[in-house]
Structure formats: C-alpha cells, structure tokens
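Undergrad: Please work from the sequences and hints to get the whole structure.
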Amino acid sequence: MYSDYYLYYLSYLSSLYSGYPLIIRVTVIVVAILAFITVFGVIRLLFIGYKINKRDKRRRDVEEQFESKLAFVMSNEVNYDIEEIKNLLNYDQKKEKKWKSEILTDLVLSIRDDLNKGEKLNHLNYRNCLENLRLMPYWEKRVKIAGLSKRKEALQIIGSLDVGINTGTLSKSVFHKNSYLRKTARNVYTDQDTYNPFRFMEENFDESFTQLDKIRLHATLIKRFQEGKLPNLLRWVSNSKNSNYITFIIQEIGFFKQFEAAPSLLDMLQKQENRDVRIQIILTLGELEYDECIADLMQRYALESTPVREAIMKTMGKIQCEETLEFLVEAYQKTDDDNFKLSIVRAIRKHGKEGEARLNMLKGQLREEEQIIIKQVFAENIIIAG
Amino acid sequence: MVYFFTYLIYFYASALALFYLALMIMSYFNTLRYRYRYTKKEEEYLKKYPDEAPGISIVAPAFNEEVIIIDSVHSLLSLAYPNFEVIIVNDGSKDRTLELMEEEFELEEVPYYYVYKVYCQPMKRILRSKNPLYKKLIVVDKENGGTKADAMNAGVNVAQFNYFINTDVDCILATDTLSKIILPVLDSDKQVIAVGATMRMVNSCTIDKGRITRVKPPNRIIPLFQETEYLRSYLVAKMGWSLINAIPNVSGGFGLFDTGVVIGAGGFDSDSHAEDMDMTTRMVAYMRENRKPYRIVQCPYSLCWTEGPPNLKVLNRQRTRWGRGMLQFILDHRRFLFNKDYGRLGFVVMPYILLFEFLAPIIEFVGFFFLLFLLITSQINFDTFWMMVLYAYLIGLSVSIITISYDLVLGKLYKRFWEYMKLVLFSAFEAILYHPLVVIFTLRGYVQYLTRSNFKWGQMTRQGFSPSNKVNNNVSNAKEI
Numbered sequence: 001m002y003s004d005y006y007l008y009y010l011s012y013l014s015s016l017y018s019g020y021p022l023i024i025r026v027t028v029i030v031v032a033i034l035a036f037i038t039v040f041g042v043i044r045l046l047f048i049g050y051k052i053n054k055r056d057k058r059r060r061d062v063e064e065q066f067e068s069k070l071a072f073v074m075s076n077e078v079n080y081d082i083e084e085i086k087n088l089l090n091y092d093q094k095k096e097k098k099w100k101s102e103i104l105t106d107l108v109l110s111i112r113d114d115l116n117k118g119e120k121l122n123h124l125n126y127r128n129c130l131e132n133l134r135l136m137p138y139w140e141k142r143v144k145i146a147g148l149s150k151r152k153e154a155l156q157i158i159g160s161l162d163v164g165i166n167t168g169t170l171s172k173s174v175f176h177k178n179s180y181l182r183k184t185a186r187n188v189y190t191d192q193d194t195y196n197p198f199r200f201m202e203e204n205f206d207e208s209f210t211q212l213d214k215i216r217l218h219a220t221l222i223k224r225f226q227e228g229k230l231p232n233l234l235r236w237v238s239n240s241k242n243s244n245y246i247t248f249i250i251q252e253i254g255f256f257k258q259f260e261a262a263p264s265l266l267d268m269l270q271k272q273e274n275r276d277v278r279i280q281i282i283l284t285l286g287e288l289e290y291d292e293c294i295a296d297l298m299q300r301y302a303l304e305s306t307p308v309r310e311a312i313m314k315t316m317g318k319i320q321c322e323e324t325l326e327f328l329v330e331a332y333q334k335t336d337d338d339n340f341k342l343s344i345v346r347a348i349r350k351h352g353k354e355g356e357a358r359l360n361m362l363k364g365q366l367r368e369e370e371q372i373i374i375k376q377v378f379a380e381n382i383i384i385a386g
Numbered sequence: 001m002v003y004f005f006t007y008l009i010y011f012y013a014s015a016l017a018l019f020y021l022a023l024m025i026m027s028y029f030n031t032l033r034y035r036y037r038y039t040k041k042e043e044e045y046l047k048k049y050p051d052e053a054p055g056i057s058i059v060a061p062a063f064n065e066e067v068i069i070i071d072s073v074h075s076l077l078s079l080a081y082p083n084f085e086v087i088i089v090n091d092g093s094k095d096r097t098l099e100l101m102e103e104e105f106e107l108e109e110v111p112y113y114y115v116y117k118v119y120c121q122p123m124k125r126i127l128r129s130k131n132p133l134y135k136k137l138i139v140v141d142k143e144n145g146g147t148k149a150d151a152m153n154a155g156v157n158v159a160q161f162n163y164f165i166n167t168d169v170d171c172i173l174a175t176d177t178l179s180k181i182i183l184p185v186l187d188s189d190k191q192v193i194a195v196g197a198t199m200r201m202v203n204s205c206t207i208d209k210g211r212i213t214r215v216k217p218p219n220r221i222i223p224l225f226q227e228t229e230y231l232r233s234y235l236v237a238k239m240g241w242s243l244i245n246a247i248p249n250v251s252g253g254f255g256l257f258d259t260g261v262v263i264g265a266g267g268f269d270s271d272s273h274a275e276d277m278d279m280t281t282r283m284v285a286y287m288r289e290n291r292k293p294y295r296i297v298q299c300p301y302s303l304c305w306t307e308g309p310p311n312l313k314v315l316n317r318q319r320t321r322w323g324r325g326m327l328q329f330i331l332d333h334r335r336f337l338f339n340k341d342y343g344r345l346g347f348v349v350m351p352y353i354l355l356f357e358f359l360a361p362i363i364e365f366v367g368f369f370f371l372l373f374l375l376i377t378s379q380i381n382f383d384t385f386w387m388m389v390l391y392a393y394l395i396g397l398s399v400s401i402i403t404i405s406y407d408l409v410l411g412k413l414y415k416r417f418w419e420y421m422k423l424v425l426f427s428a429f430e431a432i433l434y435h436p437l438v439v440i441f442t443l444r445g446y447v448q449y450l451t452r453s454n455f456k457w458g459q460m461t462r463q464g465f466s467p468s469n470k471v472n473n474n475v476s477n478a479k480e481i
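Listed in order, the protein sequences are those of chains A and B. So for the first sequence, my numbering puts the first residue at 1; every next one is plus one. So for the second sequence, my numbering puts the first residue at 1; every next one is plus one.
Check before you lean on any hint, since a few could be wrong.
Unchecked claim - Straight-line C-alpha distance at most 25 angstroms; calculated BS3-like pairs for lysine-lysine:
hint	chain 1	residue 1	chain 2	residue 2
1	A	Lys98	B	Lys40
2	A	Lys69	A	Lys120
3	B	Lys40	A	Lys341
4	A	Lys54	A	Lys150
5	B	Lys190	A	Lys177
6	B	Lys415	A	Lys314
7	A	Lys117	A	Lys69
8	A	Lys350	B	Lys415
9	A	Lys117	A	Lys94
10	A	Lys98	A	Lys51
11	A	Lys94	A	Lys144
12	A	Lys353	A	Lys363
13	A	Lys341	B	Lys124
14	A	Lys363	A	Lys341
15	B	Lys415	A	Lys54
16	B	Lys412	A	Lys150
Said to hold, decoys possible - Residues on chain A that point at chain B, a partial pick, calculated with CB under 7 angstroms:
hint	residue
17	Ile37
18	Val39
19	Ile52
20	Arg55
21	Thr194
22	Ile373
23	Gln376
What the hints assert, rightly or not - Pulled from the structure, derived: some chain B residues nowhere near chain A, Cβ distances all over 10 angstroms:
hint	residue
24	Ile25
25	Glu42
26	Glu52
27	Ser78
28	Ala80
29	Leu98
30	Val115
31	Asp189
32	Val215
33	Gly264
34	Val314
35	Phe358
36	Gly367
37	Phe373
38	Leu437
None of these hints come from the bench; they were simulated from the model. Where is the CB? At the ideal position from N, CA and C, for every residue including glycine.
TA: Shown next as structure tokens:
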C-alpha cells in the first residue's frame, strides 16, 4: 500500500550513491539489510513479550478456575465417578482451545505431586480427573502427529501422568532416527507397557547409551521393582555387546540385590576384557557381599590397573572379614601412591572396631607425615557422624 | 596505500559481520537443540535419585572478602543438588574473612593429608564444620599466592569429585545451577571436559540470604552495557562455537571443569593474566596430545550473577588486565596456530582469537582515525563517512537486539518487559559511550604488557549482597576482575 513511498526513498538513497565505487554501493545495501534486521529484531522482541504475557494470563485464569476443584477431588477420600467430576469441573475439552489442555496437564501434575508428598492422593479420583479432562487422548494424539520437540515433550508428559499407554501409540517413535526421541519413547515403553515391558532392555536398549539414559532407566527399573515385576537382570547382559549398557545392568544387579547373580558375575570377571565392565563387576560383587570372590580378587590385585585396584579396595571394604582386613593392611604397606593409600585406609576403617585397631597399630609404625592419612580418615568419620 | 588500508578495514569489518551472522545462526540452532534435549524432567531425575547424581566440587577462592563471604558461602551451600561440596580457599586474607567463616560455620581444623597434585603456594590447614548442617563445607587456608589461579589450584588439590565448578565468592549461582550444568556431561558419548553457562550482572538484583529474589538489569550505566555485552558473548558467540566444539574460553567467573583433565594439563597458570582462556586451551591441547575425543559445551541458561565494574576506574582495571591476558595468551600459545596436530584449536579457535579478538581493538582504533583522516583530507565525503560509521554501528546494534530476544525466549528473568527494552535502548548507545572505552582500555593493556609495566591485580569495590552491607562499601584488594 505504501510501496510507492518505499520505492521513492530507495531510489533517493541509490541516487545519493550513484557513481560511487561498487564497494560503497554494496555497503549501502548491507546497511539497509542491517537496519531491517534491527527493526525486525525489535518487533520480534515485542511479539515474544506479548506472547509470554498472554501465556501467563492464560495460566492464571486456568488456575483460578480449576486449581481448588482439582485439589478437592484428588485429595478427597470419597471416590467420585466421572459424571460427578464432570459436573464439578464443568469442562468440555472438545469446545476448548488446545493450550488449555497443556496448562491443565501442568496443573494436574503439580497438584498430584504435592498430594503425593503428603500421601493424600486418591489415585482413582486422579485417574477420573484425567479421564474427564481427556488429557491422555490429547497427548497421545500429539505423540502421533506433532514435530520432534513437541513429540518428545508429549512422551515425557505421558510418562509423568503414569496411567499406562496404548503402546501402539509409541510404535513410530521407538524406532525413530532421532536418538533423543527414540530413547525417550523406549523408556516410556519400558515404564508403561504391561505386556512385554522389557522388550528393549533385552535388545541392548539403544545403540547410543549415555549416563543420562542410565539414570532414566534406573528410575524405570525402581518403579518396576516396587510393582514386584523385575526379572533377573543378568540375562540382559549376555545378549548385549555395548559395554556401557553391560556396566549399567551389572550396577543395577547390585542395587536390587540380586544375590543369585553373584556366581555368574565372578565367572564373567575371569573372561571380561573391558576394564570398565571389570570394575563394575568387582563393585557389584561387593554390593552383594559375595565373600567367595575374595580369593580371586586378591590374586587379581597385583596384575590390575589402578582404577580396578581401587574397585577391589572398595569391595574389600564392603565384604569385611578377617581375610580382607589382612589383605588391606598388607596392601597399604606395599603401596607408594598417597591417593591410593587413602582409599585403602578408608576400606580398613570400614571393618569396624577391628579395622580401627589395625589402623592404630599401623599408625605407630608410620612416619609422622603419613600418620595424617589415618588421622584424616578418622576425622572424616567424626564429621559424618556429627 | 590509502586504498589498501581502506579496503583492509572495510573487509575486516565485513568479515566480522559475517562471522557474527554465522554465529547467530549456529547459536539459534544450538539453543533450540539444547532446549529440546534437556528439560525439567531430566533435572528431576537427579533430585529424585541422588545416588545417581555425579558429585561436583565448587571451588571459590576468597581474598579479603569479609563483606560478602558469609552470604556467599550460605548461598553456595543452599544449592539444590544432592551431591556436592563447597571448597572455599582463603588465599591469605588480611581482613576478617577467615575469622567470620570460623564463627558463622563453627569451623575447626581437621587433619588432612594434602597432596600437591598441581602447584600452589603452601597450604596451612584445612577446616571443616562441627555442625552437620555445614558438612558440605571445606575451607582451605593457604598462604597468599597473589592470583586466583594459585588459589584455584589449592582448591583443585582438595576436590574429591570428578568435576568441579570454578567460580568466585562474589558470584551468586542460581539454585538449580548444578543440575543444569551437569546434564550435558551425563548425556555425551564423548568426554566433556568443560561446560560454560551464561553470566549476568548482579548489581541491581534483589538478594535475600544469598539468593536472588528479583532479577533486574543494572541501574548503573557501565554494568548495564556489560550485561548486554555478556549476553552477546555467551548466547551468541559461545553458543555458536559450541555447535562445532570450538569454544575458545570457558569463563573464569563460572564454569564446570573435569578435575582429572585440569590436573593432567598442569592446573591453572599463576603467571597468566587470562587464566581461564589459558586453562581451556591447555585442556584441549592435553586431550589432543593424548588422542582422546572431547567436548566443551555451553549451557545457554543464566546460572551465575557477578558484580560488574560500577565505574570507569574499575572498568579500566578489568579491561587492561583482559588486554594484557589476551596478548600474553597469543604469545604463549602461538605454537598451536595452524598446527595440524591440534585440529580445531589450531585452525579455528586460535585464528579466530588472533584475528577477531586480539586484532579487533587495534583495527577499530586505527580504522576510526584513518576514516577521520580521510574525511579531513577530503579523500572521502560526508555521505561515505557516515555510511561507514553507520555500517559498523548497525552490526553491533543488530547483534545485541537479536541476543536480547534469544535471552527472552530462554525464559523471562526480568519481571517487567520494559526492563528488556531498557537493554535494547542502551544497546543503541553502546557503540558511542561504552565500546570506545573498552577499545582504549584493551589497547592500554597491550601496551602495558609490551612495556612490562608494573602489573597490579585489579581492586574491586565490594558492595556486598545484604542491604546493610551496601551502606559500607569496602575495598577488597588484589581481587581479579
């Protein structure tokens, strides 16, 4: 509509620099582009600000309308059926905008988490609220059709809502080429599926397996363990070639105290070439307090690298018997590494009164500077006990 | 000759503009990717399963910090993370820094077998609290080393965890700092040797018991300019470089480092005036020399608030030191430049630092006066002169505005929207009021280094975090700013 004006000023600007060297005329164009970027930047900033304010206002409105009602239903000892909840909330998802479902999900989750802390959550009413607000269908639809980031968010929310999922919904995402989406979907699958939840655990979980995936899966396994549905984890180790995954599973064997796995782990230790896996096997044997591994560990000690030897020390400190105490004292006397000496003293200290007595004896034989190592470990205990 | 210089300066400015454009695009995609990968859910896992959260040591040196030390330590101890320790290194303070800590935190000397894994001035004693409330606190009392690097090394020697945070006691960290900064480490298939995050100015923020309760842009003009400057540096430059694993520097004010790699690389260099850039470069060199894959990551979120120079005098001290550090860095590490053994460090990071960080103040200074000379001698007319000035001006302004919008997208930290517009408004004056000073002070630093002038560690006027402290401004000497 004002194009004539713009063209006029543009031609005026170019006339000012006509006849100038090319470089100056290029600069004029670049300056015009930069001016445009600057103005565009300011407008964008104003728009973002407007969107944020609008989102906050919507959030406040939804909270005002639903927070007290939802908290009342979800904390009530009386079980309400869906019709009653519908009458109370007076909410019809089909007529509402989609942003309302998103804000309501946040609200429901925050109320649920608060009530969970005080163990006041009525699980049936919580499920009926979700049913009435039709939140699960909303997020399931998102998992199927949304773009990458929205899809991952939807998967995480489905996991948080924790009311089960039709795993058919996840079928595309569990094999997606984006590893973040794929791993999130596989984790939700393991967490929520009721038919074959450990399908991906048996298949190495995922080729890219990081420390963060370990934490996510650890949370899922704890949930499965609390439901009493955790199988023998060792079988997943034999199927895997990914050392990160094997290390994780062996660590979980120790965490869930699967004592029956100890002999097989000791066998595995003999054949294992990967250092990190060996370290984890040794630590898990300690967690399981498997005293039959002592002789093997003692034999191995002289031949292993420092990190493995440190793991052996820690395990000796966990198993705690006459044999391990003797071994540790001897190891202390033979080592020159100050950092390592500290680990050994800590392991000896874990042997209770006998350990303390041996440390006091040892202290008498040491140089004054070295006595500080033992004093330091005693002081650490005072602080922890304090 | 005149043409040669004209074109040199012109193409330099254009290359700089193109670089920033590329960094803005890279930063945009990297920020999107970061937000997609790490959500609140990931942070919750760490809080819910504390045994799985890797330990982090926070190392903060203190020299004559009696005004802020108590608030600062309380603030560090109250971070929301299940597994961390706070190591305060009292670097031979001459004021009541140590006494105040002893009283407030019920400290007592404990036996400690101190191993000098990296060089530092002798340690005198280690103190820990009798009160279990403060069991995460370790105070290292050492002889003054004169530099932050020396004090940091003393802290690194005590750090028991695989990662440590390098920060200052005048910095206030966001409550969720540790869970945010550790996520890229946990999620990488390569060893992450350092993680940086966005830093801002604490100057006008409201603070209660060592926690920021209201984030505001600084009221004073110099910290306000510096707020935008910091945002540009972290959200555009470092986020952009992070995409191709070529971050030149993890800030000395706040950064997460791999303890083993820092020790392997020899620790912080006490002789360096830019110990953070020096450390980052030596860590990268160490990894390259040992043929270990690595990553340095930038977290876009604002996790650390620091006191900015409140006046010209302090700004001068800060920037001359940075200038000295820059020149020293270039000379000390010239062997990496275009050295194929050092990969990206040799072919991307070092050339960038040399051409666009070290040479920038020289070319800007020469360029401006050269343009003026051309104008006075009528070799160019006014139209051309103003067009060139406008060109340089708009490069800076447009980058600043885009940066502020990136910051707002990441989360609205200021309560009111007009506070963002205040940053925009002052960005318009930055090139006129602030940037020329920065150029002059940096050049002064170069000259000081070349003439081996008497280098003094900067002094910082501490205002303190508590309102009562702000009344009595104290001077803490030899603070590196």
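Undergrad: Could you run down the list of hints and mark each one as holding or not?
TA: Verification of the supplied hints:
1. Lys98/A <-> Lys40/B: Between Lys98/A and Lys40/B the Cα gap is close to 22 angstroms, so the pair holds against 25 angstroms.
2. Lys69/A <-> Lys120/A: holds (15 angstroms)
3. Lys40/B <-> Lys341/A: violated (41 angstroms)
4. Lys54/A <-> Lys150/A: holds (20 angstroms)
5. Lys190/B <-> Lys177/A: Since the Cα atoms of Lys190/B and Lys177/A sit roughly 20 angstroms apart, the hinted pair holds (cutoff 25 angstroms).
6. Lys415/B <-> Lys314/A: violated (51 angstroms)
7. Lys117/A <-> Lys69/A: holds (19 angstroms)
8. Lys350/A <-> Lys415/B: violated (52 angstroms)
9. Lys117/A <-> Lys94/A: violated (33 angstroms)
10. Lys98/A <-> Lys51/A: holds (16 angstroms)
11. Lys94/A <-> Lys144/A: holds (19 angstroms)
12. Lys353/A <-> Lys363/A: Holds, at about 15 angstroms.
13. Lys341/A <-> Lys124/B: This hinted pair holds, its Cα atoms lying about 22 angstroms apart.
14. Lys363/A <-> Lys341/A: Satisfied, since the Cα-Cα distance of roughly 13 angstroms is no more than 25 angstroms.
15. Lys415/B <-> Lys54/A: Satisfied, since the Cα-Cα distance of roughly 14 angstroms is no more than 25 angstroms.
16. Lys412/B <-> Lys150/A: Status holds; Cα separation ~21 angstroms.
17. Ile37: At about 4 angstroms, which falls below the 7 angstroms cut-off, the nearest Cβ of chain B leaves the hint on Ile37/A intact, so it holds.
18. Val39: Status violated, d = 9 angstroms.
19. Ile52: holds (5 angstroms)
20. Arg55: Result: violated, 10 angstroms to nearest chain B Cβ.
21. Thr194: violated (22 angstroms)
22. Ile373: holds (5 angstroms)
23. Gln376: holds (5 angstroms)
24. Ile25: holds (12 angstroms)
25. Glu42: Contrary to the label, Glu42/B does not stay out of reach of chain A, its closest Cβ about 7 angstroms off (not over 10 angstroms).
26. Glu52: Incorrect as stated: the minimum Cβ-Cβ distance to chain A is 5 angstroms, not above 10 angstroms.
27. Ser78: About 19 angstroms separates Ser78/B from the closest Cβ of chain A, which puts it past 10 angstroms; holds.
28. Ala80: Holds: least Cβ distance 16 angstroms, greater than 10 angstroms.
29. Leu98: Fine: 19 angstroms to the nearest Cβ keeps Leu98/B off the interface.
30. Val115: Not fine: 5 angstroms to the nearest Cβ puts Val115/B too close to chain A.
31. Asp189: Non-interface label fails for Asp189/B: nearest chain A Cβ at 6 angstroms, not farther than 10 angstroms.
32. Val215: The assertion about Val215/B holds, with a minimum of 15 angstroms to chain A.
33. Gly264: holds (14 angstroms)
34. Val314: The assertion about Val314/B holds, with a minimum of 30 angstroms to chain A.
35. Phe358: holds (25 angstroms)
36. Gly367: holds (14 angstroms)
37. Phe373: Label holds. Min Cβ-Cβ 18 angstroms, cutoff 10 angstroms.
38. Leu437: holds (23 angstroms)
Violated hints, in rising order: 3, 6, 8, 9, 18, 20, 21, 25, 26, 30, 31; the structure is consistent with all others.
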